[in-house]
Amino acid sequence: MVLRSLYTLFQKVPDVLCRAAMTMKPQVVFVLGGPGAGKGTQCSKIVENYNYTHLSAGDLLRGERAREGSEFGQLIDSYIKEGQIVPVDITINLLRKAMEETMKADEEKFRFLIDGFPRNEDNMQGWTRVMEDRAHVKFVLFFDCSNEVCIDRCLERGKSSGRTDDNRESLQKRIQTYLQSTRPIIDQYEKHGKVRTVDASRNVDEVSREPSHEMPRKGAGKRESNQSRLDSQQGGAVTPNWGGGVFADVKAILDKEG
Numbered sequence: 001m002v003l004r005s006l007y008t009l010f011q012k013v014p015d016v017l018c019r020a021a022m023t024m025k026p027q028v029v030f031v032l033g034g035p036g037a038g039k040g041t042q043c044s045k046i047v048e049n050y051n052y053t054h055l056s057a058g059d060l061l062r063g064e065r066a067r068e069g070s071e072f073g074q075l076i077d078s079y080i081k082e083g084q085i086v087p088v089d090i091t092i093n094l095l096r097k098a099m100e101e102t103m104k105a106d107e108e109k110f111r112f113l114i115d116g117f118p119r120n121e122d123n124m125q126g127w128t129r130v131m132e133d134r135a136h137v138k139f140v141l142f143f144d145c146s147n148e149v150c151i152d153r154c155l156e157r158g159k160s161s162g163r164t165d166d167n168r169e170s171l172q173k174r175i176q177t178y179l180q181s182t183r184p185i186i187d188q189y190e191k192h193g194k195v196r197t198v199d200a201s202r203n204v205d206e207v208s209r210e211p212s213h214e215m216p217r218k219g220a221g222k223r224e225s226n227q228s229r230l231d232s233q234q235g236g237a238v239t240p241n242w243g244g245g246v247f248a249d250v251k252a253i254l255d256k257e258g
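Each step along the sequence shown adds one to the number in full-length UniProt numbering, with nothing skipped, and position 40 is 40.
Keep in mind that the hints were calculated from the coordinates and are not lab data.
All figures in this text were calculated on a predicted structure; none of them were measured in a lab.
By construction, the Cβ of each residue, glycine as well, lies at the ideal position given by its N, Cα and C atoms.
Hints are not guaranteed to be accurate.
Unchecked claim - With a straight-line cut-off of 27 Å between C-alpha atoms, the simulated DSSO-like cross-links for lysine-lysine are:
| no. | residue 1 | residue 2 |
| --- | --- | --- |
| 1 | K97 | K138 |
| 2 | K81 | K25 |
| 3 | K81 | K97 |
| 4 | K194 | K97 |
| 5 | K159 | K138 |
| 6 | K138 | K194 |
| 7 | K104 | K81 |
| 8 | K97 | K109 |
| 9 | K81 | K159 |
| 10 | K138 | K191 |
| 11 | K25 | K194 |
| 12 | K109 | K25 |
| 13 | K109 | K81 |
| 14 | K109 | K194 |
| 15 | K138 | K81 |
| 16 | K25 | K104 |
| 17 | K25 | K159 |
| 18 | K25 | K191 |
As the list claims (entries may be wrong) - Derived Cβ-Cβ restraints for the label pairs, each shown as a range:
| no. | residue 1 | residue 2 | range |
| --- | --- | --- | --- |
| 19 | R129 | D152 | 35 to 45 Å |
| 20 | L155 | M24 | 36 to 46 Å |
| 21 | E190 | D133 | 18 to 28 Å |
| 22 | L75 | S201 | 13 to 23 Å |
| 23 | Q180 | M24 | 19 to 29 Å |
Please put together the full structure from these sequences, using the hints given.
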């Protein structure tokens, strides 16, 4: 009896060690979509209900551009105004620093939504080179939206945002950069079954109901999420529109995390 118990315990050790090793480094979901697709808005909604920290590559770059004494400020400014992609080393260093600071402040905050990255092949290769052994990419959350809707949203946002790139000329350049550079990256992840697609052409409330089904809830096992309560009131869970036939694989990853 004792031997059997010990044998069972030893069988569980590798699983425990594996889980510990995974939680010691950041768990990352890349969030991609065209300018104005609603990435930032939806990330904020996910953070409100689930154990993720939102890091926007664009916000980090704009913050670095505005930081007094930044050696990269002018360089970043020129790339943003032209709708071009900032050199990968700058972006990755900002992302890595933000993740390290977040985890240092709270060791339980190791899940990250990285919004607006990777945006091209150079970004993806740079991430692999620098971060492959330091972070685990779970999947890509892709907000799919037509170019026309994206442009209209950004122009409307530009009326109050003060962003220098929310004008029609910059937007046309950003859309072209997205189509030529970022969509091929999404396609590459799609081939590996790592893309979850959300139709982002709808209004904010409609889009926000879908992505949260893939995410670990805040206080999972202790209380229902707002979405779960809403589903119960409506008499059933909403079926997420993921596509790609890989939901079972993603669910298995989240089940291991607990």
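Hint by hint, here is what the structure shows:
1. Straight-line distance between C-alpha atoms of K97 and K138 comes to about 20 Å, which keeps the hinted pair within the 27 Å bound.
2. At most 27 Å may separate the alpha-carbon atoms for a hinted pair to count; K81 and K25 exceed this at roughly 34 Å.
3. Taking the CA atoms of K81 and K97, the gap is near 24 Å; set against the 27 Å cutoff, the hint holds.
4. Using a Cα cut-off of 27 Å, the hinted pair K194 and K97 holds, with the two alpha carbons roughly 25 Å apart.
5. Taking the CA atoms of K159 and K138, the gap is near 36 Å; set against the 27 Å cutoff, the hint is violated.
6. With a CA separation close to 8 Å, the supplied pair K138 and K194 stays within the 27 Å bound.
7. For the suggested pair K104 and K81, the alpha carbons sit about 34 Å apart, so the restraint of at most 27 Å is broken.
8. Proximity of K97 to K109 is assessed by CA-CA distance (about 14 Å); at most 27 Å being required, the pair is judged to hold.
9. Among the hinted pairs, K81 with K159 is consistent with the structure: their alpha-carbon atoms are about 17 Å apart, no more than 27 Å.
10. At most 27 Å may separate the alpha-carbon atoms for a hinted pair to count; K138 and K191 meet this at roughly 15 Å.
11. Only pairs whose Cα atoms come within 27 Å are accepted, and K25 paired with K194 is accepted, the gap being roughly 19 Å.
12. Simply put, K109 and K25 have alpha-carbon atoms about 10 Å apart, close enough for the 27 Å limit, and the pair holds.
13. A threshold of 27 Å between alpha carbons decides the hint, and for K109 with K81 the separation of about 33 Å lies outside it, so the pair is violated.
14. For the given pair, K109 sits about 23 Å from K194 by alpha-carbon distance, which is consistent with the 27 Å threshold.
15. A hinted pair counts as satisfied when its Cα atoms are at most 27 Å apart, and K138 with K81 does not qualify at roughly 32 Å.
16. A threshold of 27 Å between alpha carbons decides the hint, and for K25 with K104 the separation of about 12 Å falls inside it, so the pair holds.
17. At most 27 Å may separate the alpha-carbon atoms for a hinted pair to count; K25 and K159 exceed this at roughly 40 Å.
18. Of the pairs offered as hints, the one joining K25 and K191 holds, with about 25 Å between alpha carbons and a cut-off of 27 Å not exceeded.
19. Restraint check, R129 to D152: a C-beta distance of roughly 37 Å satisfies the suggested window 35 to 45 Å.
20. Between L155 and M24 the Cβ separation comes to about 44 Å, which falls inside the hinted range of 36 to 46 Å.
21. Our hint of 18 to 28 Å for E190 and D133 holds, since their Cβ atoms are close to 24 Å apart.
22. At about 34 Å, the beta-carbon gap between L75 and S201 misses the expected band of 13 to 23 Å.
23. At roughly 37 Å, the beta carbons of Q180 and M24 sit outside the given window of 19 to 29 Å.
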